[in-house]
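> Here is how the chains run, residue by residue.
Protein chains: 2
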Amino acid sequence: MTLDAVLSQIDSDLDAATERLKALLRIQSISTDPHYKNHCDAAADWLVADLQDLGFDASKRPTPGHPMVVGHAGDGGPHVLFYGHYDVQPVDPLELWTNDPFDPQIEDTPKGKVIRGRGSSDDKGQLMTFVEACRAWKAVHGTLPGKISIFFEGEEESGSPSLVPFMEENAEELTADIALICDTGLYGDSTPTIITQLRGLLGEELTITGPDKDLHSGMYGGLAMNPARVLAKVIASLHDDEGRITIPGFYDGVPELSNELAASWDDLGFDHKEFLGEVGLSEPAGELGRRPLEMIWARPTCEVNGMNAGYTGEGFKTVLPSIASAKISFRLVGMQDPHAIRESFRKMVTDMMPADCSVSFEGHGAGPAGHMSTDNPAFAKAASALSDEWPNAAAYVGCGGSIPIAGHFKTVLGMDAMLIGFGKDDDAIHSPNEKYDLESFHKGIRSWARILHALSQG
Amino acid sequence: MTLDAVLSQIDSDLDAATERLKALLRIQSISTDPHYKNHCDAAADWLVADLQDLGFDASKRPTPGHPMVVGHAGDGGPHVLFYGHYDVQPVDPLELWTNDPFDPQIEDTPKGKVIRGRGSSDDKGQLMTFVEACRAWKAVHGTLPGKISIFFEGEEESGSPSLVPFMEENAEELTADIALICDTGLYGDSTPTIITQLRGLLGEELTITGPDKDLHSGMYGGLAMNPARVLAKVIASLHDDEGRITIPGFYDGVPELSNELAASWDDLGFDHKEFLGEVGLSEPAGELGRRPLEMIWARPTCEVNGMNAGYTGEGFKTVLPSIASAKISFRLVGMQDPHAIRESFRKMVTDMMPADCSVSFEGHGAGPAGHMSTDNPAFAKAASALSDEWPNAAAYVGCGGSIPIAGHFKTVLGMDAMLIGFGKDDDAIHSPNEKYDLESFHKGIRSWARILHALSQG
Chain A
10 MTLDAVLSQI
20 DSDLDAATER
30 LKALLRIQSI
40 STDPHYKNHC
50 DAAADWLVAD
60 LQDLGFDASK
70 RPTPGHPMVV
80 GHAGDGGPHV
90 LFYGHYDVQP
100 VDPLELWTND
110 PFDPQIEDTP
120 KGKVIRGRGS
130 SDDKGQLMTF
140 VEACRAWKAV
150 HGTLPGKISI
160 FFEGEEESGS
170 PSLVPFMEEN
180 AEELTADIAL
190 ICDTGLYGDS
200 TPTIITQLRG
210 LLGEELTITG
220 PDKDLHSGMY
230 GGLAMNPARV
240 LAKVIASLHD
250 DEGRITIPGF
260 YDGVPELSNE
270 LAASWDDLGF
280 DHKEFLGEVG
290 LSEPAGELGR
300 RPLEMIWARP
310 TCEVNGMNAG
320 YTGEGFKTVL
330 PSIASAKISF
340 RLVGMQDPHA
350 IRESFRKMVT
360 DMMPADCSVS
370 FEGHGAGPAG
380 HMSTDNPAFA
390 KAASALSDEW
400 PNAAAYVGCG
410 GSIPIAGHFK
420 TVLGMDAMLI
430 GFGKDDDAIH
440 SPNEKYDLES
450 FHKGIRSWAR
460 ILHALSQG
Chain B
10 MTLDAVLSQI
20 DSDLDAATER
30 LKALLRIQSI
40 STDPHYKNHC
50 DAAADWLVAD
60 LQDLGFDASK
70 RPTPGHPMVV
80 GHAGDGGPHV
90 LFYGHYDVQP
100 VDPLELWTND
110 PFDPQIEDTP
120 KGKVIRGRGS
130 SDDKGQLMTF
140 VEACRAWKAV
150 HGTLPGKISI
160 FFEGEEESGS
170 PSLVPFMEEN
180 AEELTADIAL
190 ICDTGLYGDS
200 TPTIITQLRG
210 LLGEELTITG
220 PDKDLHSGMY
230 GGLAMNPARV
240 LAKVIASLHD
250 DEGRITIPGF
260 YDGVPELSNE
270 LAASWDDLGF
280 DHKEFLGEVG
290 LSEPAGELGR
300 RPLEMIWARP
310 TCEVNGMNAG
320 YTGEGFKTVL
330 PSIASAKISF
340 RLVGMQDPHA
350 IRESFRKMVT
360 DMMPADCSVS
370 FEGHGAGPAG
380 HMSTDNPAFA
390 KAASALSDEW
400 PNAAAYVGCG
410 GSIPIAGHFK
420 TVLGMDAMLI
430 GFGKDDDAIH
440 SPNEKYDLES
450 FHKGIRSWAR
460 ILHALSQG
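Chains as they are written, first to last, in our numbering: chain A, 10 to 467; chain B, 10 to 467.
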């Protein structure tokens, strides 16, 4: 089966594909707000109908929250499961949008045409790249290039409460040879990527209590323990002068970057001045002696996400607070054990408590880092296919964040996953004026056609 | 003129005096809430009328806020100016009161009769001790024991915005030989006190800015500067391991406690276990090697009153905050210069800023410590008079807080002030169920009669 005819079909059908995406973008499928429940349902219905048109036995599957969309089609070849999500972020503040977020517009910009609207990049535009690739293949060949399952979720932007239970209940149906996830981006504007490592995440909230009520700092100040001072001391002690984290055993299981990956990342030419400059910063603030890209993708962190004590309103109150609290998160890499780190962190902090201070902890999630084994030949095939489509060769990259879905495919269904996406850094996902480059959409569709073709080759 | 007849008159008139206090307590003179403006006015009117009955040329004096009450009467002897405030704190939460806060009740308690109601101790009950002493003296002798001026304010609980301007505009009228301030308490239940030193107060708010917006800790964590960590380091560095404050020059002008005052304070038998035990603490947390009472009354402090960064709501957000801020106050003693300390603090913090962090400051007041010169013979006379009335001899004590009025009398009017009051630690001022012991009221009136008599003796 020839690929070229499919690529031509994609090119000639682009306007129609864009119209279909705009129709999907008009559905206000905000998952966090219960007022939009019917809109989420409508987005699922729209996708079911579109997949049925392509020959998928697609259906809307109920959950305690928003429905899943599951469909299967095709035969032979490696069985791939494609994941995306049809729900979108809220649109506030509405006044910052240049158009109605649910009335998508094609707009000319200095960098090319874009589709502007909520969900255009995250994730409706991305998931439609795969659907359109299937459509083109079907149009040319009358069939798909192998067995394909589709799995769309409607709760990604609200914490995916139904995801793992649904996977567990439908494990057999959802298990394929490999999962494809389209919810990530290019590196820069023209380097396609496959994410092969994701940092894990451990969240801890600690609350230090000193006096049993807020005190007047005139009456008690100088004599009474101030838990805000104790908290500051705890936080200040979590890093040493070289930016390393001081929790005993924290670096157990943290691997050094392989020479191969280090060289490949160096080739990306990451410009930390530019990256940091966009948010008003200039200097890498992580461990001394580490590459900037390594600090984000391959080194663990300990960050204060929130800190609170005493009076924080307008003006001044000479209160000596009873309680001081902080939310602290750890990004984890390699084989770091989140539970062992949690235990060590809690012991270290507890040991620091002076007389009259006690500390309590609340855990907020504990997920290890994710690693994709690039030994699976699908990786090399996909990388080669992507390299054929884009100006630059595909790169195996890291991701500083945590994309739980990849871990779930591995732990619940035993599947490797390839994270491939076509978003750009300036897509403004989760923000006003979200957009998806028409180039991302067009070359994204072509990329999937190439990948499906490559995977179907023995 | 005999004192005994006046004391007898006070004893026999106590029931009527209590009824007069209850009448004043029924007026809802909450100064912070504009809805109660007319009530504040009514309280001033009530006091003007009562003072006129005693022969004072009293009048209500307008200010941009609530009115002052000023009156003069009597002749000869040292001229004393008596200060009190007729405004009261709000009463929330109302449901915690055992009676209507503005329907005062006499209540039997295991420790004796109390008058329960808002303002009973702070400060209507206290100011009426002086008015009733004048009334009894007048009743017995037909005249007062010297020239007496009265100065009541109605904005003490809302920051006294009109106080200093009013003093400045009426400096000549308000200047006397000595000021008497009745807004403080006994030491324990039976030791009358004259406060001779008050700590000063310097307030500073600092805001550290790193990235120009909140960042995603997955995308930036490990590479971007986190201002919450910087703030923690700043706060942790403000004290050394012995509890001393590390700001350069901070201890300039801090005197050692005199042997005499040290011995006198030791005689008070301060039980820090009991004092701290009431708020769930046990150990003095100030400078090593200092007396607990010294820590509160005679040593300077640096306290965190508030601290805020990032996400502090329910649950967790992996945000890397753009801004971290803290409110820090310093209690000052001796000749510490608040402006020099402010400057040194700001320089120290600014010098600690790493690349990509900037810090801004906002000052919230800067008042030096207050010291009454006990060389003025009025102090010995008042102490002796108080010692005659109460079970224990009067003590010269310190006050950890700042009572600005004492400083204003000195700096604006050039007058020494004696801070003498009869409140008890369990009066619950500013809280629900405020009360004033009938003993405080009765012996307070007798105390003023004795003091006025002592001052009038050449």
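Please note: incorrect hints may appear among the correct ones.
When chains are identical, the list treats them as one kind, so a pair holds in a single copy or across two.
Unchecked claim - In silico lysine-lysine, DSS-like type, Cα no more than 27 Å apart, as pairs: (1) K222 - K282; (2) K147 - K390; (3) K242 - K147; (4) K326 - K242; (5) K242 - K282; (6) K282 - K156.
No wet-lab data here; the hints were simulated from the structure.
> Which hint numbers does the structure go against, in order from smallest to largest?
Checked against the structure, the hints that fail are numbers 3 and 6, while the rest are satisfied.
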